[in-house]
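First to last, the sequence lines map onto chains X and Y.
Last residue of the first sequence? That's 741 in this note's numbering, and every number before it is there in order.
Last residue of the second sequence? That's 285 in this note's numbering, and every number before it is there in order.
Note that these hints are calculated values from the structure, not bench results.
One should not assume that every hint holds.
Here are the simulated EDC-like cross-link-like pairs (lysine to aspartate or glutamate), alpha carbons at most 20 Å apart as the crow flies [said to hold, decoys possible]:
1) X:Lys-613 with X:Asp-665
2) Y:Lys-29 with Y:Glu-98
3) X:Lys-268 with X:Glu-300
4) Y:Lys-29 with X:Glu-162
5) Y:Lys-29 with X:Glu-85
6) Y:Lys-29 with X:Glu-161
If you want the building blocks of each chain, they are given just below.
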Amino acid sequence: MKPLLRPISLSAYAGIYIVLTLGLFALLGWLTLGQLDRADRDIRQLQLEAAEAEFDAAMAGIANQARTEARGLAQWDEVRQQLAEPTYYPYWRGYRMLRSDLLSGHTLAAHLYNAQGRGLAMLENVQMPRKIEGADQRLVMEGSTLNLYLFEPIYGFAGGEEVIGYVGLKKDFIPWFVQSSRFHYLDEESFVFDLGDGDTIPVEALGEHVAFGLRANPQAEVVREVMEKAVVRLAFTISLLAILFYVMQALLLAVPLRGLTRDIDRMKDAARPLRIRGNDRFMPIAELDKVRRSLSEYQEKLSEVHTDLDEKNKTLWQMAHHDPLTGAYNRRAFDVDWAKLNDVISGRRIDVAFLLFDCNHFKAINDTYGHQVGDEVIRILARRINEGLRHGDRLYRLGGDEFATLLLNCGEPDAHMVAERCAELVSIHDFSELGIKEPVRLSVGVSLSGGGDAGALDALHWQADIAMYRAKRPGSPSIQFYREDMGDGADALVSNQVASAVYDVLRHNQGIEMHYQPVVRTATGETEYFEALARIVHADELLMPGSFLPVVEARRLEVEFDAVVLEAVLADLDAGVIPEGTGVAINLSGHSVVSPRVLDRLEAFCRHRDAYKLVLEVTETALIRQLESATRNLHLARDQGFVVALDDFGSGYSSLRYLGDMPVDVVKFDVTMIEQMARGGERRRMMERIARLITEAGYQLVAEGIESEAVYASIRAAGFHAAQGYLIGPPTRPPERRRVG
Amino acid sequence: MKRGRTWWMLLLLLPLGMSPLHAEVIPQKLGTGVTATAEYRPGDPGRPAVLILHGFLQTRDFSTVRRLADAVHDRGFSVLTPTLRLGIDARAQSLPCEAIHTHTMDQSVDELAQWVTWLADQGHARIVLIGHSSGSTTEAIYLATRAHPKVTQAILLSLVPFGPGPLLFETEAHAAAARQALARGADTLGTYALAYCRRYPAPPASFLSYYDWSRTRMAEVLAEIEVPLHVVIGGGDQRMTAPWMAALRDSPAEVMVVEGANHFFHDMHEFDMLETVEPLLTGTP
Numbered sequence: 001m002k003p004l005l006r007p008i009s010l011s012a013y014a015g016i017y018i019v020l021t022l023g024l025f026a027l028l029g030w031l032t033l034g035q036l037d038r039a040d041r042d043i044r045q046l047q048l049e050a051a052e053a054e055f056d057a058a059m060a061g062i063a064n065q066a067r068t069e070a071r072g073l074a075q076w077d078e079v080r081q082q083l084a085e086p087t088y089y090p091y092w093r094g095y096r097m098l099r100s101d102l103l104s105g106h107t108l109a110a111h112l113y114n115a116q117g118r119g120l121a122m123l124e125n126v127q128m129p130r131k132i133e134g135a136d137q138r139l140v141m142e143g144s145t146l147n148l149y150l151f152e153p154i155y156g157f158a159g160g161e162e163v164i165g166y167v168g169l170k171k172d173f174i175p176w177f178v179q180s181s182r183f184h185y186l187d188e189e190s191f192v193f194d195l196g197d198g199d200t201i202p203v204e205a206l207g208e209h210v211a212f213g214l215r216a217n218p219q220a221e222v223v224r225e226v227m228e229k230a231v232v233r234l235a236f237t238i239s240l241l242a243i244l245f246y247v248m249q250a251l252l253l254a255v256p257l258r259g260l261t262r263d264i265d266r267m268k269d270a271a272r273p274l275r276i277r278g279n280d281r282f283m284p285i286a287e288l289d290k291v292r293r294s295l296s297e298y299q300e301k302l303s304e305v306h307t308d309l310d311e312k313n314k315t316l317w318q319m320a321h322h323d324p325l326t327g328a329y330n331r332r333a334f335d336v337d338w339a340k341l342n343d344v345i346s347g348r349r350i351d352v353a354f355l356l357f358d359c360n361h362f363k364a365i366n367d368t369y370g371h372q373v374g375d376e377v378i379r380i381l382a383r384r385i386n387e388g389l390r391h392g393d394r395l396y397r398l399g400g401d402e403f404a405t406l407l408l409n410c411g412e413p414d415a416h417m418v419a420e421r422c423a424e425l426v427s428i429h430d431f432s433e434l435g436i437k438e439p440v441r442l443s444v445g446v447s448l449s450g451g452g453d454a455g456a457l458d459a460l461h462w463q464a465d466i467a468m469y470r471a472k473r474p475g476s477p478s479i480q481f482y483r484e485d486m487g488d489g490a491d492a493l494v495s496n497q498v499a500s501a502v503y504d505v506l507r508h509n510q511g512i513e514m515h516y517q518p519v520v521r522t523a524t525g526e527t528e529y530f531e532a533l534a535r536i537v538h539a540d541e542l543l544m545p546g547s548f549l550p551v552v553e554a555r556r557l558e559v560e561f562d563a564v565v566l567e568a569v570l571a572d573l574d575a576g577v578i579p580e581g582t583g584v585a586i587n588l589s590g591h592s593v594v595s596p597r598v599l600d601r602l603e604a605f606c607r608h609r610d611a612y613k614l615v616l617e618v619t620e621t622a623l624i625r626q627l628e629s630a631t632r633n634l635h636l637a638r639d640q641g642f643v644v645a646l647d648d649f650g651s652g653y654s655s656l657r658y659l660g661d662m663p664v665d666v667v668k669f670d671v672t673m674i675e676q677m678a679r680g681g682e683r684r685r686m687m688e689r690i691a692r693l694i695t696e697a698g699y700q701l702v703a704e705g706i707e708s709e710a711v712y713a714s715i716r717a718a719g720f721h722a723a724q725g726y727l728i729g730p731p732t733r734p735p736e737r738r739r740v741g
Numbered sequence: 001m002k003r004g005r006t007w008w009m010l011l012l013l014l015p016l017g018m019s020p021l022h023a024e025v026i027p028q029k030l031g032t033g034v035t036a037t038a039e040y041r042p043g044d045p046g047r048p049a050v051l052i053l054h055g056f057l058q059t060r061d062f063s064t065v066r067r068l069a070d071a072v073h074d075r076g077f078s079v080l081t082p083t084l085r086l087g088i089d090a091r092a093q094s095l096p097c098e099a100i101h102t103h104t105m106d107q108s109v110d111e112l113a114q115w116v117t118w119l120a121d122q123g124h125a126r127i128v129l130i131g132h133s134s135g136s137t138t139e140a141i142y143l144a145t146r147a148h149p150k151v152t153q154a155i156l157l158s159l160v161p162f163g164p165g166p167l168l169f170e171t172e173a174h175a176a177a178a179r180q181a182l183a184r185g186a187d188t189l190g191t192y193a194l195a196y197c198r199r200y201p202a203p204p205a206s207f208l209s210y211y212d213w214s215r216t217r218m219a220e221v222l223a224e225i226e227v228p229l230h231v232v233i234g235g236g237d238q239r240m241t242a243p244w245m246a247a248l249r250d251s252p253a254e255v256m257v258v259e260g261a262n263h264f265f266h267d268m269h270e271f272d273m274l275e276t277v278e279p280l281l282t283g284t285p
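I would like the entire structure built from these sequences, with the hints used as guidance.
Below is the structure:
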């Protein structure tokens with residue numbers, strides 16, 4: 001099961017960290033700048049309020065200043081002189097009043113009025129009203145100039161209350177206002193008035209008609225500039241540190257780690273353990289250096305162990321695949337090479353010669369001169385035959401005095417030459433040194449195959465076997481090549497009766513006879529199906545599987561034999577030998593399960609699947625050998641209507657895990673398991689628990705070897721689906737339906 | 001002399017910077033309906049009242065007059081210090097040269113006469129007139145023309161005539177121009193010079209009302225004064241020309257010179273002037 005999350009690289013983590021750090025900083029920077037903006041707004045608001053207060057104070061100040069100035073004039077003796085005697089007022093106004101120090105700058109005009117508010121003289125360009133209503137202060141927009149008109153009463157003499165006239169002033173208000181006031185917050189250059197030409201307002205109402213800007217706040221701007229620069233510098237620094245951090249982690253961690261990973265991957269993919277590269281290279285991180293050194297040391301140890309293991313494997317393989325007596329390859333090596341050969345030449349036209357060697361009268365030599373001499377003879381035979389083989393050819397000791405070799409790309413002449421050379425080398429050897437007086441000779445059976453047909457290859461062994469037995473016949477040449485006619489008539493007889501019977505069955509489909517043992521359903525006691533069991537009738541004798549199956553297996557004839565069995569059962573089905581409404585179970589070897597030829601033959605059974613229950617029985621050992629291909633084929637068989645039964649459960653691996661991996665419908669308990677149940681006690685309880693476990697897993701359980709009522713009762717109680725055994729009925733031909741209970 | 005001077009100094013320093021505690025500003029409606037003011041500080045009823053008149057275009061607050069008035073009052077005399085109107089009701093400020101001068105010497109003499117009368121009306125049996133500069137001139141003209149009988153003595157400080165002279169800017173040309181304008185019947189302003197004023201805007205009649213009180217005419221005035229007359233002059237007063245000094249010495253007046261003093265008796269000469277005046281007052285019968 002794949003993990004939900006895939007691990008990511010150190011650089012990616014570093015990148016994420018950097019992005020998160022930068023993101024966090026950006027957020028903090030944004031918040032800081034936001035706070036600066038808020039502080040700016042607050043400061044600006046305070047400045048605005050201060051500017052408004054400043055404006056009001058300045059207005060009050062200028063109004064007071066204007067009034068003071070006007071009062072100064074009103075208290076001037078010469079002003080009262082003019083009111084009393086205005087004869088020379090124009091002169092006095094021009095030379096005295098307008099030039100008086102009592103008038104401040106920005107005075108545009110000044111004029112005196114009598115107690116009735118009339119100007120003292122009708123002057124031209126006086127720029128002042130001719131008549132006033134009394135004391136007053138007002139602002140008048142004249143063109144683009146805002147003028148202040150101020151009229152202040154003049155009293156008779158100091159301390160007097162009698163108004164004898166008025167002094168009037170006209171001021172260019174804005175320049176006067178600006179120059180007379182000091183502004184810290186208000187920008188005096190920014191005054192804008194919403195007054196039109198001729199508009200007149202009271203002085204105190206000016207605040208309602210003016211808009212102004214604020215002076216730049218250098219402190220706030222400096223603070224903001226400093227803060228912004230600080231943020232930018234900090235951002236630059238953090239970015240630089242992030243890049244530095246990334247580069248550092250890349251240089252210090254990621255690159256060395258990748259190097260280590262590459263080395264480990266390379267070592268993983270290598271056939272042999274390698275040393276970690278750059279072991280002497282500088283590793284900047286102490287912990288990493290320690291890891292590398294530890295790994296390197298571990299790798300060196302592993303390499304040593306591997307080398308040692310190689311040696312041991314080599315020795316073991318040597319021991320496992322060689323015959324300790326002769327040094328030749330043994331039967332196991334033969335089986336492996338034979339399987340490889342099938343793969344190598346599958347579908348190709350490669351000439352293959354199979355040579356089977358057998359020592360004539362070896363049993364007599366062994367019996368006459370003893371086992372030690374016999375063993376020495378075997379060793380000499382192996383050496384001499386080996387000397388006769390071509391370079392690279394392998395010699396296998398199949399058992400006793402039987403040797404074999406497989407010659408690739410070898411036609412009949414070459415095979416014959418090799419066989420002759422081997423026989424010659426044995427015949428010229430001086431066995432008298434062992435005290436053997438009789439000549440020691442080889443019989444050689446040779447079979448040839450020119451195509452890639454798997455069936456032809458499978459036949460090589462028994463063909464060479466037949467040829468070899470022909471060579472042993474008195475008067476026959478000691479080297480015999482298999483021919484088709486060797487199986488005919490009396491020539492079919494070989495020294496081994498059972499093998500002969502098997503070969504008869506395989507070559508002529510003669511002698512095979514199927515017997516059927518009933519399998520009853522425990523729930524009903526009725527026969528559910530029959531297990532087909534092969535018998536060979538040979539020379540009026542009925543050969544049981546215990547005698548011929550070893551020959552079949554030894555000669556690798558399982559596929560051919562199973563094919564014959566399938567044909568025989570099919571024939572019985574076609575002939576109606578097996579009662580309808582029942583079924584038939586057919587045993588298949590492991591080789592047959594993975595054989596396409598056998599699978600093809602199963603198709604023919606499809607026509608009976610409606611009338612019969614069709615069961616294929618396979619052993620778990622056979623399945624496990626080639627689990628994948630066997631599983632695939634059994635699925636196909638199930639699709640064709642077969643029920644798959646796992647035979648002899650408990651005799652082999654008996655692994656419930658394997659059971660889960662197999663396409664099995666029925667589990668057939670081996671006789672040994674049933675015997676455990678018959679014994680009772682704890683073993684029975686354990687078997688019952690296993691049976692219950694398998695039943696609950698959805699399998700049908702079949703018990704074989706039921707020979708007593710008590711055992712039958714116990715397996716019924718244990719939940720077995722079906723049972724077979726001599727209690728129910730022995731294998732018979734024709735099949736006999738039985739009922740139990 | 002030295003002990004007396006020290007006494008004057010202490011007397012003057014005591015009220016320095018203080019307004020006269022018993023001072024009263026007296027408004028006086030004049031005959032034309034206008035108002036003049038004077039400061040009156042009553043003193044010992046047994047002693048003569050002293051009227052002190054300020055100089056040209058000044059007020060009673062002119063320093064020489066103020067200090068003299070303080071000192072005299074402190075000696076127990078009732079003191080009246082009028083400020084001449086010079087055409088301005090209740091005038092309180094000195095009149096700049098550049099102001100329009102419609103006032104005349106006759107108006108000033110009339111005002112003085114009214115204040116003397118006012119003093120006499122207050123019950124003062126003896127009145128001493130003290131003047132400074134043109135105030136002395138005004139008082140001399142008053143004494144020569146309409147002196148109140150209760151005026152028993154006059155002390156005229158820095159008495160100078162109008163008309164051309166050292167440190168004075170009026171010229172015959174100014175007078176001629178004024179006379180011509182007056183002859184034309186024009187009452188327009190003329191720009192003249194008078195006394196220490198280089199520019200003196202005034203109608204011609206006003207200008208001539210001062211200008212015509214020349215050295216010769218003033219000598220005649222002095223000769224007509226009947227009360228004991230003392231003229232105190234500064235030895236360093238450059239406006240005291242030799243002919244005028246000769247005229248003074250030829251007059252009935254006793255001429256007393258404060259050595260080294262200028263026209264205003266500035267600095268320490270102020271005390272010398274006071275020491276000169278005080279015996280004259282106390283010696284008043």
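Task: Numbers of the earlier hints that this structure fails to satisfy, in rising order - done: Hint check: 2 fails alone, others pass.
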